[in-house]
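Whenever a hint applies, use it, and build me the whole structure from the sequences.
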Amino acid sequence: MKKTIFASVLTMSALAFAGCGSDDTANTGGEGGSFEPSKTIEMVAPAGSGGGWDTTAREVARVFGETGIIDENMTVINREGGGGAIGWAYVHGKEGDAHSMFVASPPLMFVPLNGQSEHGHEDFTPLANMIADYGAFAVREDSEFEDLNDLFDQMKDDPESVTVIGTSAPGSMDHMQFVRIAKAAGVDPTKIKYVSDQEGGALTAVLNGSVDVFSTGVGETIEQVRAGNIKVLGVTAEERMEGEVLSEFPTAIEQGIDESFVNWRGFFGPPGMDQAAVDYYEAKFQELSESEEFAEVREKYGWNEMYMGSEEYNEFLEGEKEEIAALLEEIGLGQ
Amino acid sequence: MDAFQGLMTGFQVALSLEGIMFVLIGVVVGTLIGMMPGLGPISAIAIMIPITYGMDPAPALVMMAGVYYGAVFGGSTSSILLNAPGISGTVATAFDGYPMAQQGKAGKALAIAAISSFVGGTVSVVMLMLLAPALSSVAISFGPPAYFALMFMGLTAISSLSEGSTIKAMIAAVAGFMVVTIGIDPQTGTQRFTFGNVNLFDGFDFLIIALGLFAVAEVCMLILNRKNRSLSDDQKLGSLKLSKADLKEMSGPVSRQSFVGFLLGVLPGAGATIASFISYIFEKRIAKNPEEFGKGSVKGLAAPESSNNAATSGAFVPLLSLGIPGSGTTAVMLGAFLVLGVQPGPLLMTDRPEIFWGIIASMYLGNVFLLILNLPLIPYLAKILSIPRPLLISLVIMFSLIGVYSISFNVFDLYMLLVFGALGFAMRIFSFPAPPFILAFILGGMMEQAFRQSMTISNGSLSIFVDSPLPLSLLLVALVSLLVPAFLKWRSNRLAYKQR
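Protein chains in written order, with our numbering: chain A, 10 to 344; chain B, 358 to 857.
Calculated directly from the structure, the hints in this document are not laboratory data. Source: prediction; values computed, not measured. Think of the CB as a built atom: it goes at the ideal place given N, C-alpha and C, for glycine as much as any other residue. All clues stand as given, with none of them false.
Straight-line Cα separation of at most 20 Å, SDA-like style, residue types lysine to any residue; simulated pairs: (1) A/Lys103 x B/Val555; (2) A/Lys309 x B/Arg709; (3) A/Lys200 x B/Asn816; (4) A/Lys309 x A/Val234; (5) A/Lys165 x B/Thr813; (6) A/Lys202 x B/Thr547; (7) A/Lys48 x A/Arg71; (8) B/Lys846 x B/Val834; (9) A/Lys165 x B/Ser815; (10) A/Lys200 x B/Arg809; (11) A/Lys200 x B/Thr547; (12) A/Lys309 x B/Asp708; (13) A/Lys200 x B/Ser815; (14) A/Lys309 x B/Tyr410.
Here are some chain A residues pointing at chain B (derived, C-beta under 7 Å): (15) Ser58; (16) Gly59; (17) Asn123; (18) Ser205; (19) Leu212; (20) Asn217.
Here are a few chain B residues that sit away from chain A, every Cβ distance over 12 Å (derived from the structure): (21) Ala491; (22) Cys577; (23) Ser600; (24) Tyr737; (25) Ile754; (26) Ile759.
In structure tokens form, the structure reads like this:
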């Protein structure tokens, strides 16, 4: 019941918001009064320093400050552990706090679906999505596989002959993005051999021929492709990406496999965040997403723009979750 | 651009006024943070990242590199003086460094550590300079079967890390294996021994175990033996000067282990910790008087110290030339590179030679600075030992708590520190050695993962370990190092029997 009210409030405010110009920085939403942060905003990165979540949080906080889009200070704190679960539990305990948020990406869905966190995306207040990243499947430069269909045909004939490696645990991102595309190509998803290397040895294992395929983010492959060490058979984006090297990577869809996977990255508040605050942050994130300064950040890290407001984001997440849950179920990892 | 020309570019960066200044800032900050028990290069680098915002990448990265090897350089101090390792790479330093300090030779121990670190650091920079491009192929030559064999080889050393009862050493090692399985299993995502507690999902950080088993347990022993005044009377600085005999004794281990450390540092995942242990064991195995190890042996101190510093430079090979971070610390380093808009990888050398060679060239300078900086500080550092016992104990506990808290800002970890402290204390009282526990904890996790990765790749066939020459030869070395001491013992027993 509470959820329906929440959703309808969201819809209304999104409509109200859609009516306003994006240059209107004073916009704080039409419903339930206005909100302005009155103290330092705490931005939680549910991981240690130096990773993707940490970098995103720090860059967003920095650009918010430098451009003055949000005047109030933003500090990034790291709550590392359990693949994010510790950070999520921490934010979950701040119910209704309008000065707290965290950065998230698909593990917020994978980890609870694997039974490793009590909290999933539906337990938090989606504020906005900012970035899209995509997965890439790479093989050694001298590999016999020339495209995804070569690889998947081989896997259909003899699934034991191909090993896939990734950095995340089975049932999480690197594994499931591969399973998702391979299944669409007709490979039996229960027979995919996946090994996880969380100590930084995944790329090494591909380069020395111990394993065949590296399932990772596109950003991780660029330097190695430029150096002629590996080739990317396919990426999970819907359309060709832009940029040097990136534009050379064929999508799975181009190769006749009608499936994609987006590694979204956005921000969530604690449960029960006030609607006025949600509207405020949503507008601020949109302004940030459209700013030149943040465009530079995206370019620096090779991220793609993918802004979604709170409600659109929520719908997107619901759809993704359903699909992933079914896939996990199928390969026997669902809880 | 060839290497020589590149290096000249590098020295232009490192020897500019700006370069010298930032190397100096880096190593000073690094060595100071590294000296604190529990705080190591990860904390040091993470603290420095925001400072580099907006800086020119070359000097900024020269500084960050300085912070990194500076912290490893300084890390030995708390191991030697307080038995409280600041970083995992200096746990083995405490094995002989702390006993030496207890014998009233703290100054000498610190001097040996500083000189060994300097030589290890410098030798490895020379190798880094000459071989970085070539070595990137070594870094990728190890697949899962070879890693398994390497870890297995390391484990055969458990018996040589023990004093007295081999059975007790084995029990301690098995306990270490058991503890490392706690957490989410990376190969299946299954929770093991977590009792559903989210704090245990990632298992235990190495530092919690090291500080618990060493620092906290040591503090308990100090409290237990508080009436025993003789110890504190002995704890004087002692002479700083190293005798010719000392230098001669050091020269062997330092020159050998600088190479060993560097090579192990190059392998992603091995790093300074494993390098320091393997070097320690290596020297103990070949020593004429291995019984001195663990009781303040010069060799036992020099070996891990030269090795861990050499491994630190070695870790730059996969980072700079492949863009592969081989450890938690280099992963944070990689983050520092990306923040500055520099992508380490195979093209760094040609795209940004001033950065690639600048970092390497600055390391020569950095190591000299570290030596000049650390040697005169030794008398002051060693004075820590003359702090009244109750105050010192409180300080060690406080720093251990800070160090553990700074890993992930989780109070649960503090309780675990106390649990492992209690375990370490109990092990001391019942004379179970702690080093086999630590070694099994370090090697066991990686060994299990490598084994299971190999099994998946080979569809369950064990032949994957003997099919290619690298794992096979490592396993043979392991076998020899297990059998030879046993054989020698058997023969000497037989001879003794015959003579009778």
